[in-house]
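Chemist: Using the sequences and the accompanying hints, generate a full structural model.
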Amino acid sequence: MDALLLQILNGLDKGSAYALIALGLTLIFGTLGVVNFAHGALFMIGAFCAVTLQRILNLSFETIDETQKDFLGNPLKVKTPYVESWFGPDLGSSIIDWSVPLAILFAIPVMLFVGYAMERGLIKHFYKRPHADQILVTFGLAIVLQEVVKYFFGANPIQTPEPDMLRGSVDLGVAVGFQANAIIYPIWRLVYFFFSVAIIGGIFSFLQFTTFGMVVRAGMADRETVGLLGINIDRRFTIMFGVAASVAGLAGVMYGPLNPPNYHMGMDFLVLSFVVVVVGGMGSLPGAVLAGFLLGILESFASTTWATTTIPGINQIIIYLVAIIILLTRPRGLMGRKGVMED
Amino acid sequence: MGILEVKNVNKNFGGLKALSEVNLSVRENTVHAIIGPNGAGKSTLLNCLVGKLIPDTGSVMFDGQSVLGRSPYEINQMGISRVFQTPEIFGDLTVMENMLIPIFARRDGAFRMHAFESVANEREIIEQAEHVLEDMNMADKRGMHAASMSRGDKRRLEIGMCLSQEPRLLLLDEPTAGMARADTNNTIDLLKQIKQDRDITIAIIEHDMHVVFSLADRITVLAQGTPLVEDDPQNIKGNPKVREAYLGESA
Amino acid sequence: MLGLDKKDATLLIVVAVLTLCAPFILNPFPTDSAMAQFNAGYPDLMQRFIIFGIFAIGYNILFGLTGYLSFGHAAFLGVGSYSAVWIFKLFSYNVLPAIGLSVVVAAIFSLFIGFVSLRRSGIYFSILTLAFAQMSFALAYSVLSNPKFNLTNGETGLQVYADDPQWFHRDSLPDLPHLFGLSMRSTYTLDVGAWSFDFNAGYYLCAVIMMVVFYLAIRIFRSPFGMMLRAVKSNQQRMNYTGLNTRPYTLAAFVISGMYAGLAGGLMAAMDPLAGAERMQWTASGEVVLMTILGGTGTLIGPILGAGFIKYFENIFSKINDTVLHEWFALLPDGIEDFMVFIVHPFIGKGWHLTLGLLFMLVVIFLPGGLVEGGQRLSRLLKRRGTKAKPEDSEHRPEEKPHVAE
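Read top to bottom, the protein sequences are chains A, B and C.
In this note's numbering, each number is its position in the first sequence, counted from 1, plus 50.
In this note's numbering, each number is its position in the second sequence, counted from 1, plus 1284.
In this note's numbering, each number is its position in the third sequence, counted from 1, plus 463.
No lab work stands behind these hints, which were simulated from the structure alone.
Just so you know, not all the hints are guaranteed correct.
[As the list claims (entries may be wrong)] As a list, the in silico BS3-like pairs of lysine-lysine whose alpha-carbon atoms are at most 25 Å apart:
1. C:K782 with C:K813
2. B:K1479 with B:K1438
3. B:K1521 with B:K1479
4. B:K1525 with B:K1301
5. B:K1425 with B:K1476
6. B:K1425 with A:K178
7. C:K696 with A:K178
8. C:K696 with B:K1438
9. A:K200 with C:K696
10. A:K119 with A:K129
11. B:K1336 with B:K1425
12. B:K1291 with B:K1336
13. B:K1336 with C:K696
14. B:K1438 with B:K1476
15. C:K846 with C:K469
16. C:K696 with B:K1425
17. B:K1291 with B:K1301
18. A:K200 with C:K813
19. C:K469 with B:K1425
20. C:K552 with C:K470
21. B:K1425 with C:K470
22. C:K470 with C:K846
23. B:K1291 with B:K1438
Modeler: Okay, structure coming up:
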C-alpha cells in the first residue's frame, strides 16, 4: 500500500510537467488550430529564464580584501554579488538562494513576449496552411530555438538549485498513518506538484469564469461562428498563445531543480507531451491534464526495480505502448470530442 | 420491385430523430427526386445509402443486396456513384487523370498494386476517358489542373467521373446548389442527355423546383425525417399536404 | 527506353552520368589549393550523398505522393543497419546478403508500423509514427541491449568482434565488408596534375543501387499505382466514393518507402560495419523530411537534390572555423571583418544545426516546392525576360499542370 502510494507520488512531478505542456499544446491547438512542435522549446526557454536570472543575480564585482591573505601572502580578491552589496549580505544571499521561484516573475513577461512574437511573426501566417506545413515550420523553429540556447549556454546541463529551505525531504507516510520512513518525498517535488495544480486551476477558472475565457471556449468549439459575432477572435487567440507559452515557460522554470536544464530538454518533453495530448483527446483540456498525470504515474510504476527487472527498459517505452493501444482502441483519446482533427 | 429499396429506416443523433420509418423505392431507369425543406433528413438519408452512416434500424437493399455495414468504396463497387453538393474532384490532378481514376477503379477493383505498369500504356482506358470527356464537352480541358476550373466545369467533371464508371445508380446531392441560372440550365440539359443516352437510374436530392420538375419521373417528399408522399410530378404539384409542408413555406 | 518516356529517360541518363562521374565533378579544385576545402569528392562523403539520396527517394514515395507526413522513417533505416551488421557478425562480410536482409527486415517492420499508424490520418498519423520511432529508439538504445538478450549493443553500437562466428568467412577474404572479395574500402586514386580523384568500390556499389531504385521510383510515379497515391493526397473522400480502398494503397506506399529506408540503412552498414541507435532518433527522421522538402516534395529529382545539398553543406559548414572566416573576410577593413566573423560564427562549425533549422523554416515559408520549384521560378523569370517582346501573353492561356517530374 505504501509502496503503491510512493509510486503514485513519484509520478506526480513528471506528470505535472506533461500536464502543463500538454495543456498549453491543447490550448494552442484548440484555439488556433495549429500543431505547435515548438512548444517543447518554450518549456526549455522557461527553464533557461531561471538560469539567466540566476546568472544575473550572481553578477559580482571584485574587491581586494586586505584583511585576508591567500597562501602566497597576497591580499585576497573577494567576489561580491551586486545584489548582496545593494540589499546587504543577508537579504542579498537569500535573494540569490530563491532565484528559481523569483524567476517566475522574470519568466512571465519574457514568455508572454516570446509567445506574442512567435504568434504574430510566424504562426499567424500558417493558420490556413496544411497541418503538415505547420508541423514542419514549428519543427524548424524548435531546432533554431534550441540551437540558440545551446550557443549561449553551452551543451551541458546547468544546475538551478531550489532554495535552501525547500531542499531535503519530508516523511509523508507518518502524516497519513504509515510507519516512519515509509514514504520519504522530496519537498521540491511537492512544491512542483502544487504549483502545477495551481496553474491548471488558474487556467480552468480563467476559461470558466471570465468573459474572455468564455469567448475563447466558444472559439474552440466553433471558430467561424464566434468570428461572425463580430468579436475580434484573432487578438484573443494571440493572447491565448502568450498564455500557453507562459504556462509552458513556468513549467520549465520550476522544473530546473528536479532536473538540471539542458538545451534539448524541450524536444525530450515535446514528443511525450504530444503523446499525452493524443491520449487525452485532441482538443480536450481536461483530457490533457488527466492523461498527463496518468502517464506520469504509469511511467513511475514502470520504473520500479520489479518492472525493470521483469522487462528491462520498460520505463522508456511504456508511454508509447499505452499511447498506441489507446489510439487504436479509442481513436479520439480518453476525452476527445467528435469532429476534432478527423477527416 | 425497385433497384433501390429502403425499408423502415430510422436514424437518431443523440435525442434528435433525423429519420423515422423512411420507405423509398427507386425503380430502374427512372429519375427519382427526393425533396423536402431544410432539415428534412435528405442528406442523412443519402449518407445512409452510400455507407457514410449506418441506420439504427431498417434495411437498404440495392439490386437485392444489403448495403448496410459496407464501406463507401464497397458500395461504389456494387454500382452506386455519388455526386456531391460541392464538387469532390482530385484538385491536384489533371482533368484527364481525374477521368482515368474511376475507370481504373471499375476495371481493377478497390485495390491493385500495378506499380510497374505505365499509365501511358493503358490505351483502352485512355480511350474510354477521352470518350467521356468528349461527351462532357471537356476534351479541350484534358491537360488542365482540375482545381483551376470554374465551379460549373468541376461539377461537369464530377458527373463525368461518375458516369465513366457506368454505375447502375447515380446519386446526385443538390447538383445545382449555388449555381447561376445559366449553369443550372446547362446541368439540367446534361442530365437530360444522360438520361436519354444511357440505361441509368438517377436519384436526385434537390432544392430547386425548376430542376426537379424538369427531370423527375417520380418524387418523394420528406418532411421532418418522414416521407410525406411519393408520387408522380403532376400529382405532387397539386398535393395540399406538400404545399403546406414545403411549397407553401418556400412561396 | 526501359518503358520510360523520353523526358524520364533523359532524367535517368542525366542522373546516371552525374553519379558515375561524381568523383570528377565533386573535386573541381586542385588538392593543394585554398579552395580544396570545397571539394566533396572523397569516398565517405560521396557515399553519404547516395545513401541519403536513396533514403529521400523512398521517403518521397510516401510523403510526396500520398501526403502522409511520417516522422518515423529513421527507425527503418536503423533496423536496416542492425540487420546488416548481424549478417556480418553471423555469416560473412559479403554485402549482398546483408543488404538483402536489411530490405526484408525493414519491409516487415514497416508493414507492422504502417498497418497500425495508417489507421489514422493527418496529424494523428504523424504523431503515431513519431511515437513508434521514439519507441524503436528506446528499444534499440536500452531495452534490447541487456546481458540476457543483447540485440543492439546499446550505446556502444552494434559492431563485428573478433570472436563473432562469421561462418562463411574465409581468410582469403578481406576483413571488412566486401562484394565477393572486392573490399568496399578499396579506392583507386587517379592523379592528374594538381588534381586527384578517388574511385571507391563502395561508392560505385551505392551508385549502381541508387540508379536501380531511382528507375523503380520513376516507374512507380508513372504507374496507375502512383496516380492513385497522388489521388489519395488530393482527395480521400473522392477516392472512397470512386470505389477505391485507400488503406492498402497508403500501406503499400509506406512499406515501399520503408524498404528504401532499410536499403539505405543496409548500405550505411555495408560502407562502415557499425549500427547505432542514434540513427533512429526522430531528429534523423526530421532530416529526411527536410531533404525531401528542400529538394521538392513529389518531384522525382527533388529528394536527390535535397539530400546532396544538405549533406554537402553539412560537411562544408562543419569544417569552417573562425580562422577560415577571417581568411574569407580578410579583404574587409578590420572592424568590419571582425563583425562579419562575429555574425557568421554561430552558423558554422557546430552551429550547423542552427543553419539547418533556419533553412527548414525558410524553405517551408517561402519555397514550399523546394529547389525544384525555385529552379522553375527562375527559369520562368528568365524566359519571360526573353519573350517580353512577343505580343502573345502566355498567361491568358489555360494553365497546364506541370508534369510531375519537373
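Chemist: Confirm or reject each hint.
Modeler: Taking the hints in turn, this is what the structure says about them:
1. C:K782 with C:K813: 9 Å, holds
2. B:K1479 with B:K1438: 20 Å, holds
3. B:K1521 with B:K1479: 23 Å, holds
4. B:K1525 with B:K1301: 21 Å, holds
5. B:K1425 with B:K1476: 23 Å, holds
6. B:K1425 with A:K178: 29 Å, violated
7. C:K696 with A:K178: 17 Å, holds
8. C:K696 with B:K1438: Roughly 18 Å separates the two Cα atoms, so the pair holds.
9. A:K200 with C:K696: It is violated: about 38 Å lies between the C-alpha atoms, which goes past 25 Å.
10. A:K119 with A:K129: 14 Å, holds
11. B:K1336 with B:K1425: Outside the cut-off at roughly 32 Å; violated.
12. B:K1291 with B:K1336: Given that 25 Å is the threshold and the Cα spacing comes to 18 Å, the pair holds.
13. B:K1336 with C:K696: It holds: about 20 Å lies between the C-alpha atoms, which stays within 25 Å.
14. B:K1438 with B:K1476: 18 Å, holds
15. C:K846 with C:K469: The given pair, whose Cα atoms are some 23 Å apart, holds under the 25 Å limit.
16. C:K696 with B:K1425: Measuring from Cα to Cα gives roughly 22 Å; hence the hint holds.
17. B:K1291 with B:K1301: The given pair, whose Cα atoms are some 17 Å apart, holds under the 25 Å limit.
18. A:K200 with C:K813: It holds: about 10 Å lies between the C-alpha atoms, which stays within 25 Å.
19. C:K469 with B:K1425: 24 Å, holds
20. C:K552 with C:K470: The given pair, whose Cα atoms are some 44 Å apart, is violated under the 25 Å limit.
21. B:K1425 with C:K470: Roughly 23 Å between the alpha carbons, so the hint for K1425 of chain B and K470 of chain C holds.
22. C:K470 with C:K846: 20 Å, holds
23. B:K1291 with B:K1438: 34 Å, violated
Violated hints, in rising order: 6, 9, 11, 20 and 23; the structure is consistent with all others.
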